[in-house]
Amino acid sequence: MIDTNLIKENPKSVSEKLALRNYNFNIELFEASETERKKYQTETEDLQAQRKALSKEFGMLKKEGKDDPALSKKIDSMKSDLDKCSSKLSNIQTTLKELLLDIPNLPDESVPTGKNEESNVKIRNFGEPTILKGKDHLEITSMIDTDSANLLAGSRFAVLSGEIAKLQRALITFMLDKAEEHGYTEHYLPMVANTESLTSTGQLPKFSDDLFQLTDDYYLIPTAEVPLTNLYRDQILNINQFPLKLTAHTSCFRSEAGSYGKDTKGLIRQHQFEKVELVQICHPEKSYEALESLTSHAETILKELNLPYQVVELCTGDLGFAAAKTYDLEVWIPSQETFREISSCSNCTDFQARRAKIRFKEDGASKLAHTLNGSALAAGRALIAVIENNFDQNSTIKIPEVLQDYTKFTSIKI
RNA sequence: GGAGAGUUGGCUGAGUGGUCGAAAGCGCCUCCCUGCUAAGGAGGUAUAUGGGUUUACUGUAUCGAGGGUUCGAAUCCCUCACUCUCCGCCA
Numbered sequence: 008m009i010d011t012n013l014i015k016e017n018p019k020s021v022s023e024k025l026a027l028r029n030y031n032f033n034i035e036l037f038e039a040s041e042t043e044r045k046k047y048q049t050e051t052e053d054l055q056a057q058r059k060a061l062s063k064e065f066g067m068l069k070k071e072g073k074d075d076p077a078l079s080k081k082i083d084s085m086k087s088d089l090d091k092c093s094s095k096l097s098n099i100q101t102t103l104k105e106l107l108l109d110i111p112n113l114p115d116e117s118v119p120t121g122k123n124e125e126s127n128v129k130i131r132n133f134g135e136p137t138i139l140k141g142k143d144h145l146e147i148t149s150m151i152d153t154d155s156a157n158l159l160a161g162s163r164f165a166v167l168s169g170e171i172a173k174l175q176r177a178l179i180t181f182m183l184d185k186a187e188e189h190g191y192t193e194h195y196l197p198m199v200a201n202t203e204s205l206t207s208t209g210q211l212p213k214f215s216d217d218l219f220q221l222t223d224d225y226y227l228i229p230t231a232e233v234p235l236t237n238l239y240r241d242q243i244l245n246i247n248q249f250p251l252k253l254t255a256h257t258s259c260f261r262s263e264a265g266s267y268g269k270d271t272k273g274l275i276r277q278h279q280f281e282k283v284e285l286v287q288i289c290h291p292e293k294s295y296e297a298l299e300s301l302t303s304h305a306e307t308i309l310k311e312l313n314l315p316y317q318v319v320e321l322c323t324g325d326l327g328f329a330a331a332k333t334y335d336l337e338v339w340i341p342s343q344e345t346f347r348e349i350s351s352c353s354n355c356t357d358f359q360a361r362r363a364k365i366r367f368k369e370d371g372a373s374k375l376a377h378t379l380n381g382s383a384l385a386a387g388r389a390l391i392a393v394i395e396n397n398f399d400q401n402s403t404i405k406i407p408e409v410l411q412d413y414t415k416f417t418s419i420k421i
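Using this note's numbering, you'd call the opening residue of the first sequence number 8 and step up by one each time.
Don't read these hints as lab results, they were simulated from the structure.
Treat the hints loosely; a few may be bogus.
[To be verified] Using C-beta positions, here's what the derived DEER-type ranges look like:
#, residue 1, residue 2, range
1, T202, K310, 38 to 44 Å
2, S94, G190, 32 to 38 Å
3, K374, S79, 43 to 49 Å
4, T11, N31, 43 to 49 Å
5, H290, K15, 24 to 30 Å
[Stated by the list, open to error] Listed next, the in silico DMTMM-like pairs over lysine to aspartate or glutamate satisfying Cα-Cα at most 25 Å (straight line):
#, residue 1, residue 2
6, K104, D90
7, K104, E193
8, K293, E187
9, K374, E299
10, K420, D154
11, K415, E170
12, K213, E23
13, K122, D217
Predicted model only: the values in this text are computed from it and were never measured.
Note that CB positions come from ideal geometry on N, CA and C, so glycine has one too.
Whenever a hint applies, use it, and build me the whole structure from the sequences.
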């Protein structure tokens with residue numbers, strides 16, 4: 008949620024910023040609702056104050072064994088006024104809340120403007136793609152089996168076996184160890200989240216179609232960002248704890264509604280995939296610094312795996328709902344001869360913190376913290392990248408050195 | 001799955017219809033005293049949101065959540081969630 012004071016103080020600038028990310032903000036509707044809200048809230052509170060006073064009076068008289076019919080009458084009419092007023096108030100509050108929950112975060116000043124991903128800006132790159140027109144991971148190994156997964160569950164799932172399954176496990180463990188080196192505390196988390204958690208991080212109510220829902224209040228998590236950030240929901244944190252640095256490996260579940268026909272082959276786009284996530288919760292003045300460091304933490308992993316990648320800054324039109332600024336890491340996929348997203352590192356500023364009520368105390372006042380998150384990395388895509396970039400186009404996948412301690416083998420013979 | 005007990009401020013915990021945003025203790029902050037330390041004394045210390053000369057001050061809401069009874073609910077009733085104990089089952 009964005010700060011309503013910003014809207015009140017400078018609605019024009021807010022709506023312009025939102026327009027940059029293709030969000031059409033209805034100022035008139037907001038302002039009308041807000042005026043209504045204020046009117047009914049003041050009125051309701053006045054009536055509540057009246058009720059308090061009259062009830063007290065009534066009680067005093069009763070104690071003395073007296074009755075005052077005029078007073079009773081007054082109370083009756085006050086009550087019906089109050090009922091009307093407060094139900095109007097709660098209606099308008101609901102409308103306002105819906106309005107506010109629908110608005111994405113404001114892009115940071117530094118974010119390049121643009122309508123869509125074509126305006127994203129390449130910041131830097133690492134390594135040189137050595138393999139062009141390489142075989143794709145399904146052609147390389149039968150230890151990635153989508154047919155069996157289709158039998159078990161359906162499309163967009165995979166069964167990994169043997170050395171490939173081990174390689175993925177090695178990748179995950181390696182990533183977690185790297186995160187720990189960078190000061191992140193490892194967590195094991197529920198992979199189910201409730202409505203409140205998902206609302207706090209911004210997946211709900213707007214993007215319910217992207218989630219797998221189990222029952223009314225249970226959803227499979229689309230990313231560990233949800234449980235990690237929600238660990239501190241409704242809390243006032245000690246400023247000395249900052250920055251909080253958290254990591255976890257979880258399975259992630261996405262319905263991929265609306266991506267029919269996109270990336271249907273292979274592991275690129277799955278309903279279920281493994282990911283190591285980094286989350287930071289920090290002081291508002293430190294969050295952009297933190298974004299740079301978090302991004303570099305994710306990059307370290309690609310570097311050590313010796314995978315060619317590029318860092319891209321998303322333009323305003325391509326930003327995720329909760330993000331004020333985002334860097335995507337894109338890894339070279341030889342079979343597609345293109346860079347594909349393997350990590351997305353975002354500063355969500357106070358957007359999630361406001362929804363989740365993650366606060367800290369400074370100078371006696373309670374303030375909202377800033378939250379950041381980034382993948383380090385998506386293991387399924389990392390697996391593809393390792394396989395395809397290290398395949399000799401004949402019979403052998405070489406295991407990157409840093410993984411060999413984890414895999415206990417140095418190559419995979421096909 | 002069965003039976004029972006709970007859920008109150010940063011923590012412990014009192015409060016069974018009004019004077020309760022809530023005793024007391026702990027913790028924390030400020031000050032005083034004591035030449036260090038320990039001990040002692042005085043005061044302060046929830047959150048959200050509104051009004052205001054944006055300072056002082058002040059309205060309202062919040063005692064797990066939602067509904068109900070009542071002039072009035074932390075307190076009574078109903079529903080739900082969660083926690084704990086015992087039994088059963090189980091990786």
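So, going through the hints one by one against the coordinates:
1. Roughly 39 Å separates the CB atoms of T202 and K310, a value that falls within the hinted 38 to 44 Å.
2. About 51 Å separates the C-beta atoms of S94 and G190, a value inconsistent with the hinted range of 32 to 38 Å.
3. Between K374 and S79 the beta carbons are some 47 Å apart, a value that agrees with the proposed interval 43 to 49 Å.
4. Distance hint for T11 and N31: a CB-CB separation of about 18 Å, inconsistent with the stated range 43 to 49 Å.
5. A hinted range of 24 to 30 Å for the beta carbons of H290 and K15 is consistent with their spacing of about 25 Å.
6. Note on K104 and D90: the hinted pairing holds, with a Cα-Cα distance of about 21 Å set against a maximum of 25 Å.
7. With a C-alpha separation of about 35 Å, the suggested pair K104 and E193 falls outside the 25 Å cut-off, and the hint is violated.
8. Annotation: proposed proximity of K293 to E187 holds, straight-line Cα distance about 21 Å (limit 25 Å).
9. Simply put, K374 and E299 have alpha-carbon atoms about 23 Å apart, close enough for the 25 Å limit, and the pair holds.
10. Using a Cα cut-off of 25 Å, the hinted pair K420 and D154 holds, with the two alpha carbons roughly 22 Å apart.
11. Pair hint K415 plus E170 holds up; C-alpha atoms about 10 Å apart against a cutoff of 25 Å.
12. Simply put, K213 and E23 have alpha-carbon atoms about 21 Å apart, close enough for the 25 Å limit, and the pair holds.
13. Restraint check for K122 and D217: satisfied, since their Cα atoms lie roughly 22 Å apart, inside the 25 Å limit.
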